[in-house]
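Asks: Chain by chain, the residues run as shown.
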Amino acid sequence: MRALCWEGVNDLRVQTVPDPVIVNPHDVILRITMSTTCGSDLHFIDGYVPSMLPGDVIGHEFMGVVEDVGPEVKKVKKGDRVVVPSFVACGDCWYCQHDLYSLCDNTNPNAELQAPLLGYPTGACFGYTHAFGGYAGSHAQYMRVPHADVGCFQVPEGLRDEQVLFLSDAAPTGYMGADFCDIKPGDIVAVWGCGGVGLMAQQSAFLLGAERVIAIDRFPERLKMARDHIGSETINYVETPDVLAVLHEMTGGRGPDACIDAVGMEAYGTGPGYLYDKAKQTLRLVTDRGQALRQAIMAVRKGGTLSILGVYGVMDKFPIGVLMNKGVTVRTAQQHGQHYLPRLLEHAVKGELDPSYLATHRFSLEDGPRAYAMFKNKEDGIVRAVFTP
Amino acid sequence: MDAGSPLGGPATSGIADALKGTLSRGAGKASQEQRRVTLILGGVLLTLGLRRISFGGVALALAGGALLYRELARRSGQAGAETNMAEVARSITIGKSADELHRFWREGGYLPRVMGHFAEITETDMDQAHWTVRVPGGRSLSWDTQVVESRPGELVRWQSLPGADLPNWGEMRLRPAPGDRGTEVTLRLHFQPPGGTLGAAVARALNGLVPSLLVGDALRRFKSLAETGEIPTLDRNPSARASTA
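Here the protein sequences come in this chain order: A and B.
My numbering numbers the first residue of the first sequence as 1 and each following residue consecutively.
My numbering numbers the first residue of the second sequence as 390 and each following residue consecutively.
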């Protein structure tokens, strides 16, 4: 089959690779119908995260049709049209049973190698680094999905592919980030970042009952999306140097009840990350990447919630004292998609959630390298590049 | 494989450093037998590393290759390392009862899957098994084991029989975990040098490597198999490189 492969830093190529096959009894093989770029991909494309190997098939946000099922698969059937979260979860371990699916104990084949980096290993992510499992990704014609009964969610009739695609990663990540905020009537939620995850976090905050949502980014077209599609109020931090003062005034001097950081690693793909793309220096990256998060920490009201969706490495000058003295609750995770997908599909069916506007650009798989170049450089107002393999 | 590629990380450089330290500090004097064991271990590490095809695997393969190379390049055998042994123990919590886990471990076919990343195991009867560890060049290291103690819900203990290439014993201990967490499982492996003279260097290498790569992986494989009925794997994982997995 054809697949988009990482061959080295800033070197993506479409290659012919072996077709995936059923290996374990709970596997299915999916024919990919749609797959999309994520800002976190840019991190290994640029060479900032280790443990990629040349030839790795990338991509982790996708949907497809079931082509083949393993002998122990009970619920999923051949021909099912499904959407699948990017993190692989077994459904049986203590973490899965406590709805902490991305922390699954049983899906990362490289758990022993990842453990020293984090203290304990996480679940695996499709199409990402070998520390996160090394499973082949979704920018391909076919894909093996382990633990299919846990990860495959049947798409209800009447929903188009592009309405469902982002329920694989951007939507559950954003929804989880808003869920972390424990939103009460009257709450104001501020979201840093208007990429796919940030926009979904804003929309989810409204779905979960926020009174107002304030979005912070620097790209006018993305801020417009936040206003037009979601109803967020927006701050362009390039035009508004003192974001904290503006937030202070917009919230009657209280500060937002909850702040969501949807920048982090996605910073390379959306919002403030554009600056770092130019900088190309790891030290600068680390320093600058902290700014959005530090701003969120300063902005959040006393006793409020800081919800971190952006992915970070090791940060220096982390203002823990501000969090401590203000009594801020910090919540964070990689997406627990299996927990949120049923709810998200319900919202989609009711017409309350339609992320299809994120799919600003379509490409064939063969155009993969060009699509990522555009995505990285934010050419032509691109938010997400979508492949139809 | 390019050692300069961004494949390193704390996980693997630790292993490589441990091995490097071992090699530089390593007894300047080694008997023929010790050299043979070092060669075999180097080969095992290389094989494991190549089979894993991961960032750790690459480092491991390099480390194993270095160990092999050192021994092969050594011009003359030197004698005199101290007797040393390697023993490692690691624990994991598995969401099954101690009785179930004991039954799984003793069930035919379970051990070969749990240890499949390391050794090929043929169970000759309920208590005896034949272990083979393949190394490059068509060589292999093998031994027979006998279960010497088995108490349901508590432990299984085994040891190698006389004539083993690398004499060893091991045990799997079970104790209930608090709340709904299942059972705490401790796996202990103890390697004894052939003839009682495993070199200090090799023992140190074993001490650095075995916990993570053999015991840690074995425990995770046991847990995954017990909890889900399968072991996560990258076998036949599509990629644009020649498949060695």
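To be clear, the hints were calculated from the coordinates, so they are not data collected in a lab.
Since the model is a prediction, treat every value here as computed from it, not as a measurement.
A few of these clues could be false.
What the hints assert, rightly or not - Derived BS3-like pairs (lysine-lysine); straight-line CA-CA distance at most 25 Å:
id	chain 1	residue 1	chain 2	residue 2
1	A	K224	A	K378
2	B	K485	A	K326
3	A	K184	A	K302
4	B	K485	A	K74
Claimed, not checked - Selected chain A positions facing chain B (Cβ under 8 Å, derived; list incomplete):
id	residue
5	A3
6	V57
7	D92
8	A111
9	Q163
10	F206
11	T329
12	A333
Ideal placement from N, C-alpha and C gives every residue a C-beta, glycine not left out.
Asks: Hint numbers the structure violates, sorted upward?
Replies: When the structure is compared with the hints, numbers 2, 9, 10, 11 and 12 turn out to be violated.
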